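Asks: Protein chains in written order, with the UniProt record's numbering: chain A, 1 to 466; chain B, 1 to 832.
Note that these hints are calculated values from the structure, not bench results. Since this is a predicted model, take the numbers as computed values, not measurements. Errors might be hidden in some of the hints.
To be verified - Restricting the straight-line Cα-Cα distance to at most 27 Å, the calculated cross-link-like pairs of lysine-lysine (DSS-like) are: (1) A/K423 with B/K479; (2) A/K175 with A/K223; (3) A/K423 with B/K543; (4) B/K346 with B/K335; (5) B/K346 with A/K427; (6) B/K488 with A/K423; (7) A/K448 with B/K335; (8) B/K332 with B/K543; (9) A/K427 with B/K479.
Claimed, not checked - Derived Cβ-Cβ restraints for the label pairs, each shown as a range: (10) A/S215 with B/V794: 35 to 41 Å; (11) A/N72 with B/Q716: 49 to 55 Å; (12) A/N253 with B/G544: 30 to 36 Å; (13) A/Y254 with B/I527: 27 to 33 Å; (14) B/R474 with A/Y254: 36 to 42 Å; (15) B/Q716 with A/T233: 50 to 56 Å; (16) A/A365 with B/L788: 45 to 51 Å; (17) A/A365 with B/Q573: 34 to 40 Å; (18) B/T601 with A/V323: 54 to 60 Å.
For glycine and all other residues, C-beta sits at the position ideal for the given N, C-alpha and C.
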Amino acid sequence: MSTVDVPAGDSGSSSDTTGQIRITLTTRDPSVAVPDDVPLYVPLALKRYGLSEIVNHLLATEKPIPFDFLINSELLRLSLQDYITQKGLSSEQTLALEYTRSILPPTFLASYVHPDWVSSVDVIEAAPSNVNAAPILSGCYDGIVRTWNLSGSVVSEFGGHTGPVKAVRWLDVNKVVSVGMDRSIRIWKVPAAGDQDDEVMADVLGSNGPQTVTSARIFAGHKSTVEDIAVNTETSRMLSAGADNAVGLWTTNYKEAPPASGSLSTREMTGKRRRKTTLPSRGPISMMDSHSGPVTGVIFDPKDHTVGYSVSLDHTIKTWDLVTGALVDTRTTSFPLLSIVALPELSLLCCGSSARHVTLHDPRAAADATTTTTLTGHTNFVVGLSRSPESEYMFCSASHDGTVRVWDVRAQNSLYVISRESKTAEKAKVFGVHWSKSAGIVSGGEDKRMQINRGTGLDVSSNSTQ
Amino acid sequence: MAKRKIARKKPAADPPATAPGTGNRTNSKLQLVQQRQRATEEDEDNEDGYIDDEAEEVEEDEEDELEDESDLGDYVSEDDEYDHFEGLIDGAISDSESEDEAGDDAAEGDDGENDADEEAAMFGEDDEVVQQEETAEVITNSVSDDDEEDEYLSKYSAASEAESFSSISSGEDDNRVAYHTTGADGKPRPIYHEIDPHYSSDDSDLEDTNTIGNVPLSAYDEYPHIGYDINGKRIMRPATGSALDSLLDSIEVPTGWTGLIDRESGADLKLTQEELELVKKIQLGENAGDVNPYEDTIEWFSSKTEVTPLSAAPEPKRRFVPSKHEAKRIMKIVKAIREGRIVPNKPKVGPEYDQPVYDLWADDLPEQQPHIMHIPAPKMAKPTNDESYNPPEEYLPSEEERDAWNKTDPVDREKDYLPRKFSSLRTVPRYESFIRERFERSLDLYLAPRVRKNKLNIDPDSLLPKLPSPQDLRPFPIKCSVTYRGHKGRVRAISIDPSGLWLATGADDGTVRIWEVLTGREVWNTILDDDEAVQSVEWSPLKGCGILAASAGERVFLCLPPIFDDETETMGQELLAAGWGYAAQPAPTDDINKEPLCKWTKPSTKLAYQGVDVVIVCRKTVKQIAWHRKGDYFTSVSPEGANMAVLVHQISKHNSQSPFRKSKGIIQRALFHPFKPMLYVATQRYVRIYDLSTQSLTKALQPGARWLSSFDIHPQGDNVVTGSYDKRVTWHDLDLSTKPYRTLRYHARAVRDVRFHARLPLFCSASDDGHINVFHGTVYDDLLKNPLLVPLKVLKGHSVVQSLGVLKVTWHPKEAWLFSAGADGTAKLWTS
């Protein structure tokens, strides 16, 4: 039995600083395991930082590693005193603490300026061998889709949308797909960067500027704005969310796609003249329209590619069987839903709502049998969600309140809040966010910027490089 | 009923009572009649039913039947049977009588007649007279002859008629006769069906008792029957078992077996358990009745004085005669007093009795009960410590306090004395202000009114209506989520398209802008007029056409914003273009001299490629546009237009008409009823409701405001909410009154707009104070329940520019979201 005397560096909120509690420390990470599993007595006033110091002390690390602590698989965000008061526990009990490496607060890296609002971002995880010069994709309200390299320059531009682009996704390293208010889905071929390395590429860019692509494979079928697109490379399928209350299922292979029911004609929406141009297009495999409100978000089930989920302003999450195009399940919530992301390891669907919160649903259980967790903190619509590439518990959310928040489903409050670096007069809305392993948290918004924040720490290698 | 049963049983149980000869019978009848009259007289104030029962009892004794009319229907069948066996009994007992059966029949006939008479009597007051008549008839009939057969038949038919009077059809009467047989006298005699005794039948408790009377049973030994039942039917001898059966019976004794034969039925006499018990008790010489020999004693004679004495015996004499023993003892004491052995009233001697006693309260007035309205005079305040001649040091004023006291005005002084200290009471001077103080006290008592005031002890909270908490009435807008920025002037008009995706706004800068609702992105704008402000913008309620009506100056523009797909746009173009042909046709001849109300024209090229398809030029500034729900008609209001202030435009024919000939005042707003062919028109003071199908005024609401700004109709059509420039919002229930049901005064400045939500029980009012008040307003389907209005939320966010705040509001078609247009050049979305 050893009592660790830690100077109360973090001022505990409780008055009773003298009290002590018995804890046991466990971890699943063998590299940072505490030598012996002995129980310790620690002051009740300790918070995460103090406990982290204890672990570092026990490990005798030369450089302190930040840790997060879990009690009953719930993240400890208070002091131990407050925690046991909140839970109604006695200080004579033993607390079993599990610790994990904590992620560092995401720090601002860069902002890439666009000519108009940035509606959507996506990052491709390229294999290290295949150097993809431009892993970051952005959709902009000027109707142009851009790819960016990590040094902040546009590599290629895809122009052709006659309205603002609402969502962009990487199909694979060579193809991107974009949807927009012109009701079309376009697949663009990324111009080959060749085997040039970055410097050569930079030279090329310096000389020629971004490569512009205007030819696209066009898919049409929605009657109103296409709000969101989800892609599945294994089955070569795409799901689209339309404001015309329909969910579209499409194939990425243009030649296999059925012909469009009507010819897509696009007009310049902001132009002087109503110019009508008819473009060759292909139609959807099926249009599933049992939503009663505009569909705002759509995803594939990460485990089962024949299942899709869609959220809509009609307050529902619908589960679709993509093989038959049949509606499997409808889950009604109490607020209009705006975004969706799946946490496959936990079998959870996270939905952002117009009521300023994120709700967690289990799609397997019956709707009336489960209680949904609600994560509150945003002060406006939650329009974008992206899961963490490193932790199965974490995801980030983009909101119209101008912040991106990092959440852990085990904690009630958000871990970190990322605000916009561009100081505009009003809080600029954030429209899209993507959390990638290589680039970090990429978000785009009303401030016409794509902002990159990076906060890693779970990965030992990345931690050691810092 | 119980009485009736007893009455019925009587003749059967006691046949000898009816046995006397004819002469006696008549006498007894007379006696009975008299008896009955007395009874009737006595019971005159009894209830009808009771009188009838009495009468019936008497009548049945004389073998007549006066049926209780009130339940005749129930007993008709029973009567018949009764008649039947009465006849039999008669036959049985009057063998020796000279009267033959015809007489009986005649008596039967009388029954019928009596029934009829009884019926008549029931409705008349003179029961007795009728009954007397009846009796007379009975008497005559009883001595009637054979040759009155015809009369009998006629009477019988009359009787059956009388019966049919009592709700039983004659056909049913016939049905009761099973067959006719020839009687002993050779006349047809009806044999009736067996009566099915049902629950309400009186005879259900009649048993098959042997009615042979005192005749020994052995007289029937030779017959297969052992007697007759009350109906004169034979009671057959029960089958006796064979010798084997009786042997078996003697071996296996059945329960209750006695070995005796029941004299009545001829069957084995079986005794029940109770009867056996009874026999056993009798054998033991115990009390055979249901008596408990070991019952608790009741103390009849106890020390308690009973209210009603048990005995009526007079008080014994000894209670009144002086006791001799006492006299003896008293004489003993008297003797002792005379001899001086006892001194009565001897004064007590001792130091404790020497003190004289004074009555302290001798001169005290008897305590008077004050008058009920008397209020005692307030008591003077008691002297405090500092008023003492020798107060403690701490009460004495310091030098400064004394100066301050001296300097202040006597009126303003807190205390009208200064504490002073005297070494002894002897040195205390005369109290200076004694006279003044007495005088003031007298004035107080004399002039101060002492009035009893009734104080209402009511908890003010209990007077407040019980309203549900706003938390329970969610969802309602609480927060500004999106601000639509871009207009360079006051945003005067706002409208949301039926799908809830596109918000249209019009502003003083002459532009109409369309916004993406969620992101606040402007997707389309057009300048309608460089000089005039856009006064009104309304999307067509027709889904899938995308027509936007906007008004600027005296022109109304019908636009097709290029934000929809081809299908929608084509449909919108077709709708708008369909009327050009109609417009080209010449106007009717009588209107040819008149200038048309307004002109439908094609837009200029500049406007045309901005998206405007039709321009309607009116005469005066169009302030407001309202669509009909089907999207073909819309009204425009130009307040300065006098009798042409309200115009109804038809898109499919490019036609405009003015529904009113005369000007009714300055028209503020006109709206179509949500589903009825009605037009609601608000002037400055009134909201008038016109029925368009009959072209008449249905109702005129009086909100009591000086100048109405706006009104809206509840989606169910029976309620109207109005907003006025004098800060008031009023709710009208059209079923209740033309006056407001509720007046809501929550705004600090003029109310600009009021709107109902199309689906949810919400409405709101926007005001120049920059606030929007959101209310919950449930309208119940139950007409008796008044609408429930609950203030929910004040939405603050619009800034006041040149004393103008929120100018227009509109609700999202599905969600509890509210759009507002403000004078600060922005529109806002408020979400739940």
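Asks: Work down the list of hints and note, for each, if the structure agrees.
Replies: Taking the hints in turn, this is what the structure says about them:
| no. | hint | result |
| --- | --- | --- |
| 1 | A/K423 with B/K479 | 23 Å, holds |
| 2 | A/K175 with A/K223 | 25 Å, holds |
| 3 | A/K423 with B/K543 | 41 Å, violated |
| 4 | B/K346 with B/K335 | 17 Å, holds |
| 5 | B/K346 with A/K427 | 114 Å, violated |
| 6 | B/K488 with A/K423 | 24 Å, holds |
| 7 | A/K448 with B/K335 | 137 Å, violated |
| 8 | B/K332 with B/K543 | 128 Å, violated |
| 9 | A/K427 with B/K479 | 15 Å, holds |
| 10 | A/S215 with B/V794: 35 to 41 Å | 55 Å, violated |
| 11 | A/N72 with B/Q716: 49 to 55 Å | 52 Å, holds |
| 12 | A/N253 with B/G544: 30 to 36 Å | 32 Å, holds |
| 13 | A/Y254 with B/I527: 27 to 33 Å | 42 Å, violated |
| 14 | B/R474 with A/Y254: 36 to 42 Å | 48 Å, violated |
| 15 | B/Q716 with A/T233: 50 to 56 Å | 53 Å, holds |
| 16 | A/A365 with B/L788: 45 to 51 Å | 37 Å, violated |
| 17 | A/A365 with B/Q573: 34 to 40 Å | 50 Å, violated |
| 18 | B/T601 with A/V323: 54 to 60 Å | 56 Å, holds |
Checked against the numbered hints listed earlier, the structure breaks hints 3, 5, 7, 8, 10, 13, 14, 16 and 17; every other hint is satisfied.
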